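Chemist: Read off the chains here:
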Amino acid sequence: MKYRSGLTAWLVIIFVFVPLGLLRAQASSEEKPFAEAHVVLQLSDQERESVVLDVANNLIRHYGGPDLIDIEIITFGPGVRLLLADSEHETRIDSLVEYGVRFYICENTLDSMERETGVRPEVNPQAVPVQTGVAYILEKVAEGYTLVRP
Amino acid sequence: MKYRSGLTAWLVIIFVFVPLGLLRAQASSEEKPFAEAHVVLQLSDQERESVVLDVANNLIRHYGGPDLIDIEIITFGPGVRLLLADSEHETRIDSLVEYGVRFYICENTLDSMERETGVRPEVNPQAVPVQTGVAYILEKVAEGYTLVRP
Amino acid sequence: MKYRSGLTAWLVIIFVFVPLGLLRAQASSEEKPFAEAHVVLQLSDQERESVVLDVANNLIRHYGGPDLIDIEIITFGPGVRLLLADSEHETRIDSLVEYGVRFYICENTLDSMERETGVRPEVNPQAVPVQTGVAYILEKVAEGYTLVRP
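Chains as they are written, first to last, in my numbering: chain A, 1 to 150; chain B, 1 to 150; chain C, 1 to 150.
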């Protein structure tokens, strides 16, 4: 009985608390298993396009390579223009994607643009669509990502 | 003795670690007991008024209704204009308040405006005054809310 | 055997879980041991200089004195101008530094400015240089600071 009581406490620690701790610590370990930090860069102002891309590049350099930092760039509102087909930053986006940076675009914003102009804007094929940009941010923060709006 | 040692470990787990975990997880469960996420939207730029209101509406739609997402909108600096009596967004504010969104206005900002103009601006009665906008944000984040500045 | 099993569970709780909890809670207790909140204020827009300084002052007033709130101001991109030698805010910076507010400047930004203009800008001696502003933010958030971009 007493042995089992101690054992159960151990089992609780091993199977409940340890996994909970890991869940908090290991944000998206599938994407970047060796990353020292996990960051969501928010782009919702068109004039911040270059700053966001610079920050992504600086972070990769700072951490010593693309495997050591896990970066997602989430665009919504006027920020989506970075990921439209005619963006001037296409080359920089491609090179960041090769480094494992993921780009997301808010479909609610695209829906609004379509309603206003009658045409749905053409999107960069590198961009992953998500329905609601800020809801996606909330999910990532819950997984352990740090939100930064450069 | 041994039984009590195991039992005490259990009691520590149940009364110390489990409540600590719940404290972290349950942000403001009184306001929105069924909310899946708790978010503070910061408005400190006048030109972001519409974006902040759009984000609130999109989140309510995304989560499937006003009970499933807990939203506070905190205004300070030039952002307070959304909550002054002559705001063009009064109807949208009223409809978000009906959905349980809470609006806060920074009294330090109102104090500064009064000092500069000699008149204290009239405030939308839906706005809850807080002394210092950013201090209120820090409290909410400590309760488990995620801060987003759209 | 059984006694040791219970004891080991205790030791695990005391030496593993308790310190982990403290690590999370005690952000930078060396700098401001009595601080009730730890905040990183991000300045990356030149037009937000005054707002950031106002927020720092308001927080110190709100918490009842400089020992009760731990504030770091991190500048990068166009935000670094606050900390260049010719800034109009030098007096306000000095008075905040006396209150224990720390100012940081991103060296990557200074490097870019030097590449563009041929001259490295002169920096306020109160500013502490960090290589990559956003990487420094990520470190502070991991230590328990709350990031706010006023």
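What the hints contain is simulated information worked out from the structure, not anything from laboratory work. Among these hints, one or two may not hold up.
[What the hints assert, rightly or not] For each label pair, taking beta carbons as the anchor points, the in silico distance ranges come out as: (1) 111/A with 122/C: 28 to 36 Å; (2) 36/C with 113/B: 42 to 50 Å; (3) 61/B with 47/A: 49 to 57 Å; (4) 112/B with 113/C: 31 to 39 Å; (5) 88/C with 144/B: 23 to 31 Å; (6) 112/C with 112/A: 16 to 24 Å; (7) 113/A with 30/C: 46 to 54 Å; (8) 34/C with 129/B: 22 to 30 Å; (9) 144/B with 97/C: 29 to 37 Å.
[Claimed, not checked] In silico contact screen, one side only, chain B against chain A (beta carbon under 8 Å); selected entries: (10) 58; (11) 60; (12) 62; (13) 130; (14) 132; (15) 149.
Because the structure is a prediction, the values reported are computed rather than measured. Heads up, the beta-carbon is just placed ideally off N, CA and C, and yes, glycines get one too.
Chemist: Just pull the numbers of the violated hints for me, sorted ascending.
Modeler: 1, 2, 3, 5, 6, 11, 13, 14
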